[in-house]
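Use these hints to put chains B and C onto chain A, whose structure you have.
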Amino acid sequence: MAEVVVSGVFKRFGPVAALEEIDLTVHDNEFVVLVGPSGSGKSTLLRIIAGLERQSEGSVAIDGRDMAGIAPKDRDVAMVFQSHALYPHMNVFDNLAFNQRIRGVDRKTVDRKVREVAERLEITELLRRRPRQMSGGQRQRVAIGRALVRDPRIFLFDEPLSNLDAELRVRLRTVIKRLHQEMRRTSVYVTHDQVEAMTLADRVVVLRDGRIEQIGAPDDLYERPVNGFVAGFIGSPAMNFLQGTAAEGVVRIGETETGAAGAASGAVIVGIRPEDLLPDGAADRGRLRALVTLVEPMGADTLVFCTTDEGQELTVRLPRYTAVHEGETLALGPREGAVHLFDPETGQRLN
Amino acid sequence: MLDSRYKHIFLLPALLALVAIIIFPLIYTVRLSLSGWDVNFPELDYIGWDNYARAITDGRFWDSMGTLYLMVLFCIVFEYLLGFGLALLLWKDVRAGRFFRVLFIVPMCVTPVVMAVVWRTIFHETLGPLNDVLSWFGIPAVPWLSKSGPAFAAVVIIDVWQWTSFMFILLLAGLMSLPREPYEAAQIDGAGPIRTFVHVTFPLMAPITLGALIIRLIESSKLMETIYALTSGGPGSSTETTSYLLYIRGLREFQIGYTASLSIIYLAIMIIALTIFARSMSRLMIGRQGPVRV
Amino acid sequence: MSAHEPARERVRGIAMSGLKADLYRVLKYAALIAWAIFVVAPFLWALSTSFKSDPGVVGGATYIPFLEYEPTVDGWTALFRDTSSGGISMQGPYLSSLVVSLISTSIALFLGTLAAYGLSRFTFRAGPLGNNDITFFFISQRIMPPAVLAIPYFLLLRFTGLLDTHLGLILVYVAMLLPIVVWVMVDFFNTVPIELDEAALIDGCNPIQAFYRIILPNCAPGMVVATLLCIIFSWSDFFFALTLTFAKVQLLPPTIVILNSNKVPWWSLSASALVSVLPLVIIAFVLERYLARGTLAGVIRE
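Residue numbers (my numbering), protein chains in the order written: chain A, 1 to 351; chain B, 352 to 645; chain C, 646 to 947.
It should be emphasised that the hints constitute simulated quantities derived from the structure, not laboratory data.
Cβ atoms here follow ideal geometry from the backbone N, Cα and C, with glycine treated the same way.
Hints are all accurate, no fakes.
Restraint ranges, calculated between C-beta atoms of paired labels, are given here:
| no. | chain 1 | residue 1 | chain 2 | residue 2 | range |
| --- | --- | --- | --- | --- | --- |
| 1 | C | GLY806 | A | THR109 | 53 to 59 Å |
| 2 | B | LEU421 | C | ASP778 | 32 to 38 Å |
| 3 | C | VAL744 | B | TRP400 | 39 to 45 Å |
| 4 | B | ILE622 | C | VAL685 | 36 to 42 Å |
| 5 | C | TYR935 | A | THR109 | 39 to 45 Å |
| 6 | C | GLY705 | B | GLY417 | 34 to 40 Å |
Under the rule of at most 30 Å between Cα atoms (straight-line distance), these lysine-lysine pairs were calculated in the BS3-like manner:
| no. | chain 1 | residue 1 | chain 2 | residue 2 |
| --- | --- | --- | --- | --- |
| 7 | B | LYS443 | C | LYS673 |
| 8 | C | LYS665 | B | LYS443 |
| 9 | A | LYS113 | A | LYS177 |
| 10 | C | LYS908 | B | LYS498 |
| 11 | C | LYS908 | C | LYS893 |
A short list of chain C residues far from chain B (calculated; beta carbon distances all over 12 Å):
| no. | residue |
| --- | --- |
| 12 | GLY663 |
| 13 | LEU712 |
| 14 | THR717 |
| 15 | PHE725 |
| 16 | SER729 |
| 17 | GLY731 |
| 18 | ALA865 |
Excised from the complex, chain A in its bound form (with noise of 0.2 Å):
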């Protein structure tokens, strides 16, 4: 049973703003991601909820109780670091052990909560290594049981995949979402990864430069992000971004009419996904003439990069079985309802 409530948070270092008034609630059970580039601030943030640092202005509570001058070990959260940060000194079983013996808990109960943990992990054969002696998958599991033997009230994560290498993070990351499934705990995980943000996330917190962007469901996010920084974020490849112009509830990219405008009129920057963009004869309006200058099959599909008539680039997300070479040209437009529009001087969302 744990909500974290953020209100009105700032940090300052020296003139510097890393976090700009920050207002976010994390309900009970609930696993939020923090995501955003680097220096967006969502580390500082997930440290502050910590208690490893603290705000300059505002207030964090955790189910209620304000933890202005509460330490870190007294705030029952647990944590698990990029770096992995296990006790050199310390074979697994001890790494494991640690917090609880600190905290004085009986040897036969943490003995117990020490083995379940492992065996929950699979790292029960690893118990008597010391961390240099894995590899980094292998310390990462730990790292996370050394968080799951505490039994916090919140999981912090930071980064806990970011050093690892492709395979083993897709591997950890579905680790993770399962134990999340199964124990039902009150989460927050910071990441610059959006795939791992949205496959992980019930509510998703897009952060730039110390602010928050938009706060979402993953699906929200991509199918209506409120400006241009969020939907370029958000999905890989990322969205294609066109000038066009909008005039009597028709936007135009060039001379050729790709959907409804709504109520904007003039310039305008049009937001395409790769995935929305269809070739000949599957799309209904009209149509974008497009060089293709490289086809990069990827397995499940094909990434074709184009540039349209106007000189602009365009990415183009095609099913595994479209025969596209380099020097053809294609017709694409946009599938019904999947044209973002966003303002180009502040890059709100216009439609």
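Relative to chain A, chains B and C alone:
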């Protein structure tokens, strides 16, 4: 950086200890230097700048400083050249490398003044082994401790014996921590051992060399114990360093006030000289060298 | 380049033809052996002298026992004999030196590691001065020549009644050793990632527990180096022992130096010198392991 209300628990005890044991006595010295405290008049009166005026014209004091700087110069040049040479020899895999390394750092670990006592027997004009060995080569007996030139040399020899080991271990540690890539690049570019040394090793070693030189400079400028045990500053006052003179004036003759003023002048000159040395050497050794290129 | 050369040498790029390489090797070992002889010569001389008696000394330098002189253990037994029976009775000074250097080393390590940890982990401000300035302030105390401090120490210890006491000397040694400890340990603490502290704080430690249960055990090599350096410096100090103690407290170095001027025979002098530096020679063996293993830093990185 961590953040804690407890942080002062860590720093303050040591800081207070240091202030109490070093800074406060130093301030007290400044006050003493303005007094006429001596054997006949052991009180903290105020006589203004008289002591300093007297110090300016004290030839023996300035001579001792000249002796000190000449000694330090000789010692450090020899120690650096020998230490760097030995470090280069032991840098790469050498048979019995560990044996040599241990042996070579023994001198810096042993008590200087006790070794000076042993050296005194070695330098003995008629009974010591040094003149005996020299006589095998037909070299006549050197009056090591009774002529000023040889006495000066004797002090330098002992210092070099003792502290080359320090240069050696610091420079060796520096060499072992050098990155490997510049050497591979140099090899690919076809640079021979000498060019590699001049263009890669030496510039890469500049920062640690500078550090080692400065540390040795600081430590050797305190030179006094060897002289106390070996020559007592003699013959005459030819091997008298400033520290030794301060000891004689202050704690033998008990001219407390006057010695305090000499101490302050000595300290000021040393700090200024060290700063100038550090600045100019770092410009000379590091500033002019660009990125490593062969 | 010949194939039998070690790989390391090849990488360092020193390529030489066979004859030149052989010549280089001969010169290299000649130089190493020459320096080794220079280094051990005083010890060997002292060892040889310590077994001599009058005839072995007064007729000029002799080196080899049995051949050139008749060895006796008189020099060595004199170490334990009373001064009244021509001995030097070294046990007292030896014990004093041991006590003073161990206690001052412990205190300096205790205060110094705390300060170094603080400087490595927390942000301190004193007006315009930050952590680096405070660290420099500690280290810069090594500039202070003992001869400058001797006078105020002498007077201050006299006022406080600590002149010629173990405690007074220990206080002075702590000041001398603190900069060394801070210098070595700040470097070491900086190589330990701060996430370890943070993990410990979240696991349930307060900052002080995090320091001694997690960080300190991971800086054991640094502690060893700092401890050994402290012992070397305190065991070897002569100047403060000479000026701040005279009768009640007798440490090893002044005892030996005073023998020197008291016309004590060379053989007892040599024996006492060897006995007094023996612990330091042992320390050199341990120290080499740590010092030559790269720089002071970088020992802990996994």
